[in-house]
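Chain X is fixed; fit chain W onto it per the hints.
The residues making up each chain are set out below.
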Amino acid sequence: MKFRAKIIDVGCLNHFTRVVNTVSRLTKACVLRLTCDHLYFVLSGRVASGGVSMWCELSQGNFFDEFQLEGVSADANEILLEVAPENLSRALKTAQNAKSVKIKLTKKSSACLTLAAELPSLSSVSRVVTHDIPVDVIPRRLWHDFREPQMPDFDVSIYLPPLKTLKSVVDRMKNLSNSLVLEANLNGEMNLKIDTDLVSVTTHFKDLGNPPWGDDGSQSSSPHRDPELMTEVCVDIRKLQQFLTGQQVHPSRAMCNIVDRRILHLIFLHEDVSLQYFIPALA
Amino acid sequence: MPLSTQSQADIDQYILIASLDNARNLSNILKAISFRDHAIFNATQNGLKVTVEDSKCLQANAFIQADIFQEYIIKEDTVGFQVNLTVLLDCLTIFGGSTVPGVCTALRMCYNGYGYPLTLFLEEGGVVTVCKINTQEPEEPIDFDFCSTNVTNKVILQSDSLKEAFSELDMTSEVLQITMSPSHPYFRLSTFGNSGNAHYDYPKDSDMMELFQCTKIQTSRYKMSLLKPSTKALALSCKVSVRTDSRGFLSLQYLVRNDDGQICFVEYYCCPDEEVEEE
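Residue numbers (this note's numbering), protein chains in the order written: chain X, 26 to 308; chain W, 4 to 282.
Chain X extracted, bound-state conformation (with noise of 0.2 Å):
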């Protein structure tokens, strides 16, 4: 096995450092999943997440100047580490003004992502700052837990409001109660509600529109399905909003399927990085 890779533009830098920070406000642990043309960073709902799950997907070649991957074998050419993103992160933010940044899997005590970041310096000689981020390999026959995952059968696709007022109303709701439920239909109209003793809340969105999946996407709903019809979902309120704190990139298209009564699906799309979020409903 063997993996290298450069980051020399200073953009795709920070994109990559903004990226690895999102992904390190949602968990404290996934699977970093390397391929010739991708990154992945993945997390599979367990019991212990709550039953959230999250697939983060970067263009390589949007990112990086040099990319070598040797993977675990030649039929499968993929490299599958389980990391703590937040160490990635750490590393990242020492090299902010870095002139390249490399990236390569060693060998230490234990299996390591290095990175060395070259630091401008004064002097003509560079500063290079390195660090050794543990990892640990995650065996072949352990990588079917870590697939893309399949886009549920939703009933209703609708496009998210704002995410600056989505995330001012999910803050305030999160005072006041520990769920939420998330209703949409196919007409555009979004309402976020909450129920409890002492207070009720509903906060209506409309206009948001509805994302065109046609042919190729798994649009249960019939032809004949009523569009003012709402489909719901109840969630956990500090789910959705740490997803939505956690996020550094601003996506140019933010949207969510919901399976009724089951899943919460949100996806983010950026040029050169998707990122996909389930969390599954309250029981």
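If you're looking for bench data, these hints aren't it; they were derived computationally from the structure. Note that this is a predicted model, so its numbers are computed, not measured. Even glycine gets a Cβ: it sits at the ideal position worked out from N, Cα and C. Be careful, since some hints might not be right.
[As the list claims (entries may be wrong)] Partial list, computed: chain X residues near chain W (C-beta under 10 Å):
hint, residue
1, K31
2, I33
3, D34
4, P187
5, T190
6, V194
7, R197
8, M198
9, H229
10, K231
11, G234
[As the list claims (entries may be wrong)] Within a straight-line C-alpha distance of at most 20 Å, the following computed EDC-like cross-link-like pairs (lysine to aspartate or glutamate) qualify:
hint, chain 1, residue 1, chain 2, residue 2
12, X, K132, X, D161
13, X, K27, X, D161
14, W, K52, W, E142
15, X, K132, X, E107
16, W, K52, W, E127
17, X, K199, W, D40
18, X, K192, W, E127
19, W, K34, X, D196
20, W, K135, X, D220
21, X, K127, X, E95
22, X, K127, X, D100
23, W, K135, X, D196
24, W, K34, W, D24
25, X, K53, X, E208
26, X, K231, W, E74
27, X, K192, X, E257
28, X, K189, W, E140
29, X, K124, X, E143
30, W, K135, X, D157
31, W, K52, W, E74
32, W, K135, X, E208
33, X, K27, X, E111
34, X, K218, W, E127
35, W, K52, W, D146
Frame of chain X, contents of chain W only:
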């Protein structure tokens, strides 16, 4: 505006309707008295009075006159209820604090009467939020029996001068001592904390002193924990009047200008710290 989504039948059922183009004109002033969860609302033709009390020794009142509201309809002489103030503030600020000038949250607050929730309609940028907050039967606010005839000493200061002192108050001091006197030190705030004693003096001829009416020397102590919340009201205000009466009770009255420059009042009443009386 949320108004358009309500029918005439809806409007008829309410005994109190108060609307603001800018919800901050209510939320900001309520934050100045939000040291406890529960607030007593009392509405009359004149406007809204909101009261918060602490351990029967401290009372804060916020007054928002009827003409501050863009719409104010009351169908009974007085309308009273009690509501969780923390919840109310979370609702009033549901859209967060907007820093964009000209963008604000519009509010319509409605109440059907005893046993009904307080209903808020809030709107910002085309998004509408409806809140229904449970109400309770209002408790009777304490009457501190503070009337102008018993006032022994009174000063009116520009708030800026007190803001610095209050922000620096030694919180390790259990009490805040206020001395008012026709002669030196005139008006003095004192604390007695772990690092020593501190005094803040305001001479009667200072620029900041707008009014100085002290008839006799009086020193009273008040529990710091009770007075600390008043700092929020001070921060919002431009002027403050400090009065003590013959029993040593303290009245602080704050003149607050809202976002639109209109004037509202906040007052705090505080009992003197009992221990001192024994000395």
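For each hint, the structure was consulted:
1. K31: For K31(X), the interface hint is violated, since the closest Cβ of chain W sits about 40 Å away, which is over 10 Å.
2. I33: Result: violated, 37 Å to nearest chain W Cβ.
3. D34: violated (33 Å)
4. P187: For P187(X), the interface hint holds, since the closest Cβ of chain W sits about 8 Å away, which is under 10 Å.
5. T190: holds (6 Å)
6. V194: holds (6 Å)
7. R197: holds (5 Å)
8. M198: Since chain W brings a Cβ to about 8 Å from M198(X), closer than 10 Å, the hint holds.
9. H229: Because about 5 Å separates H229(X) from the closest Cβ in chain W, which is inside the 10 Å limit, the hint holds.
10. K231: Interface hint status for K231(X): holds (7 Å vs cutoff 10 Å).
11. G234: For G234(X), the interface hint is violated, since the closest Cβ of chain W sits about 14 Å away, which is over 10 Å.
12. K132(X) with D161(X): Answer holds: K132(X) to D161(X) is near 11 Å, not above 20 Å.
13. K27(X) with D161(X): holds (14 Å)
14. K52(W) with E142(W): Judged against 20 Å, a Cα distance of about 14 Å means the pair holds.
15. K132(X) with E107(X): holds (15 Å)
16. K52(W) with E127(W): violated (26 Å)
17. K199(X) with D40(W): Judged against 20 Å, a Cα distance of about 17 Å means the pair holds.
18. K192(X) with E127(W): holds (14 Å)
19. K34(W) with D196(X): holds (18 Å)
20. K135(W) with D220(X): Status holds; Cα separation ~9 Å.
21. K127(X) with E95(X): Distance ~16 Å between K127(X) and E95(X) Cα, so the pair holds.
22. K127(X) with D100(X): violated (26 Å)
23. K135(W) with D196(X): Between K135(W) and D196(X) the Cα gap is close to 18 Å, so the pair holds against 20 Å.
24. K34(W) with D24(W): Roughly 18 Å between the alpha carbons, so the hint for K34(W) and D24(W) holds.
25. K53(X) with E208(X): Judged against 20 Å, a Cα distance of about 29 Å means the pair is violated.
26. K231(X) with E74(W): violated (26 Å)
27. K192(X) with E257(X): Holds, because 19 Å separates the two Cα atoms, which is no more than 20 Å.
28. K189(X) with E140(W): violated (37 Å)
29. K124(X) with E143(X): Within the cut-off at roughly 6 Å; holds.
30. K135(W) with D157(X): violated (54 Å)
31. K52(W) with E74(W): holds (16 Å)
32. K135(W) with E208(X): Holds: K135(W) and E208(X) sit about 19 Å apart, inside 20 Å.
33. K27(X) with E111(X): Given pair K27(X), E111(X) is violated - Cα atoms ~23 Å apart, limit 20 Å.
34. K218(X) with E127(W): Since the Cα atoms of K218(X) and E127(W) sit roughly 17 Å apart, the hinted pair holds (cutoff 20 Å).
35. K52(W) with D146(W): Answer holds: K52(W) to D146(W) is near 14 Å, not above 20 Å.
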